[in-house]
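K.L.:
What follows is the residue order along each chain.
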Amino acid sequence: MRLKHDADLVQAITELARSKGIETGSFTAIGALKNARLGYYDQKNHEYLEIKIDAPCELASCTGNISLKDGEPFAHIHVVLADEAGNTKAGHLLEGIVFAAEVDLRQLTGPKFERKHDEVTGLSLWEVK
Amino acid sequence: MRLKHDADLVQAITELARSKGIETGSFTAIGALKNARLGYYDQKNHEYLEIKIDAPCELASCTGNISLKDGEPFAHIHVVLADEAGNTKAGHLLEGIVFAAEVDLRQLTGPKFERKHDEVTGLSLWEVK
Amino acid sequence: MRLKHDADLVQAITELARSKGIETGSFTAIGALKNARLGYYDQKNHEYLEIKIDAPCELASCTGNISLKDGEPFAHIHVVLADEAGNTKAGHLLEGIVFAAEVDLRQLTGPKFERKHDEVTGLSLWEVK
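Line by line, the protein sequences are chains A, B and C. Counting from 1, position 48 in the first sequence corresponds to residue 48 in the working numbering; the numbering is continuous, with no gaps. Counting from 1, position 119 in the second sequence corresponds to residue 119 in the working numbering; the numbering is continuous, with no gaps. Counting from 1, position 117 in the third sequence corresponds to residue 117 in the working numbering; the numbering is continuous, with no gaps.
If you're looking for bench data, these hints aren't it; they were derived computationally from the structure. Hints are supplied without guarantee of correctness; some may be wrong.
Since copy identity is lost for identical chains, a pair holds within one copy or between any two.
To be verified - Derived pair list, reagent style DSS-like, types lysine-lysine, alpha-carbon separation capped at 27 angstroms:
id, residue 1, residue 2
1, Lys129, Lys4
2, Lys52, Lys34
3, Lys44, Lys20
4, Lys44, Lys112
5, Lys4, Lys20
6, Lys52, Lys20
7, Lys129, Lys20
8, Lys129, Lys52
9, Lys69, Lys112
10, Lys52, Lys112
Here the structure is a predicted model, which means the values were calculated and not measured.
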């Protein structure tokens, strides 16, 4: 799939999964973003720190999965972004405005995964439904 | 597939797709390159800027897809490269000389994508054939 | 699959492949690590240099494959890690202690690959079994 110019990558992939009825899936994407917000999870304090990327960048790597959270398809996405010198910023994708993006989304059959709160990490992690 | 030592990664994957008759596909690769040329797309001026990587590097990430362009299989590839200190350079792969590379290329069935000029971005983007 | 907190990513994926009977496979993963050891292969001297990552980091990208080495499933893994500022370190994963990790492991059918010593690179590379 090609995503729409100016869409948010996170919302667009979530919407794509929902429209195709994909509750468990895996994807990669490449392209370019106009700007982005990344997250870094503070493993001690159990909170996301935010990193703003205010410049156009290559989407050098984008890997993620689809699973259920509160009964709805939820996209978990990690990216590596590159600037005009090839220098990188990376992390958990909170938001990314699409310049152009090509996605390979694969539906996975078999057990469904549902995200539930995990005490040890403070994250919503997979349990087999 | 294992790619040949001293091959150009872009040409080798294009040739692999052609030889297997793959017109729509997706792939990942890992390995190491002897040197590379990366591209950063200038979203305002609609042109690729070139970044030269003149040293041996790990192919830390390599994601891409195969689609048709002018009726022929065309490989679109993004990479993250790492030097001996683990520092990275990333972007659109224009050329990469293989030291060693292992590729997982998957043929996609269903609609075919053909690259056509897109006015908004200046890029050749997918239209369903 | 979700990997166990405090497991080593390399061992956990190897064990996962062994337990599922996967001798040829491909995977991606995202999550976070507590710490890691990366490798950079010195293409001239044919040896891995080690890079220590002593801080918690996002597993921004993780791509790898499973093949046979000495008759057993062997995991070859490359990663990109990101710190709290989004800055990256990347390379061949020697060890990575899991904070949280979600893996998409795919079994590949068809020819099996077995790693054999390659004179040119000094690496164990694929030969079709």
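K.L.:
Next, verify each hint and record whether it holds.
P.N.:
Against the structure, the hints come out as follows:
In the homo-oligomer, the alpha carbons of Lys129 and Lys4 lie at most 27 angstroms apart only across protomers (18 angstroms), although the nearest pairing inside one protomer, at 33 angstroms, exceeds that limit. Within a single copy, Lys52 and Lys34 get their C-alpha atoms as close as 12 angstroms, and across copies as close as 23 angstroms, so both meet the 27 angstroms cut-off. In the homo-oligomer, the alpha carbons of Lys44 and Lys20 never lie at most 27 angstroms apart, since the shortest distance is 37 angstroms inside one protomer and 34 angstroms across protomers. For a Cα distance limit of 27 angstroms, the shortest separation of Lys44 from Lys112 qualifies neither inside one copy, at 29 angstroms, nor across copies, at 43 angstroms.
Proximity of Lys4 to Lys20 under the C-alpha cut-off of 27 angstroms is restricted to the intra-copy arrangement: shortest distance 17 angstroms within a copy versus 31 angstroms between copies. For a Cα distance limit of 27 angstroms, the shortest separation of Lys52 from Lys20 qualifies neither inside one copy, at 31 angstroms, nor across copies, at 41 angstroms. In this assembly of identical chains, Lys129 and Lys20 lie within 27 angstroms of each other by CA distance both inside one copy and across copies; the values are 20 angstroms within and 20 angstroms between. In this assembly of identical chains, Lys129 and Lys52 lie within 27 angstroms of each other by CA distance neither inside one copy nor across copies; the values are 35 angstroms within and 38 angstroms between.
Taking the shortest alpha-carbon separations for Lys69 and Lys112, only the intra-copy value of 11 angstroms comes in at or below 27 angstroms, while the best inter-copy value is 32 angstroms. Proximity of Lys52 to Lys112 under the C-alpha cut-off of 27 angstroms is found in neither arrangement, the shortest distances being 33 angstroms within a copy and 36 angstroms between copies.
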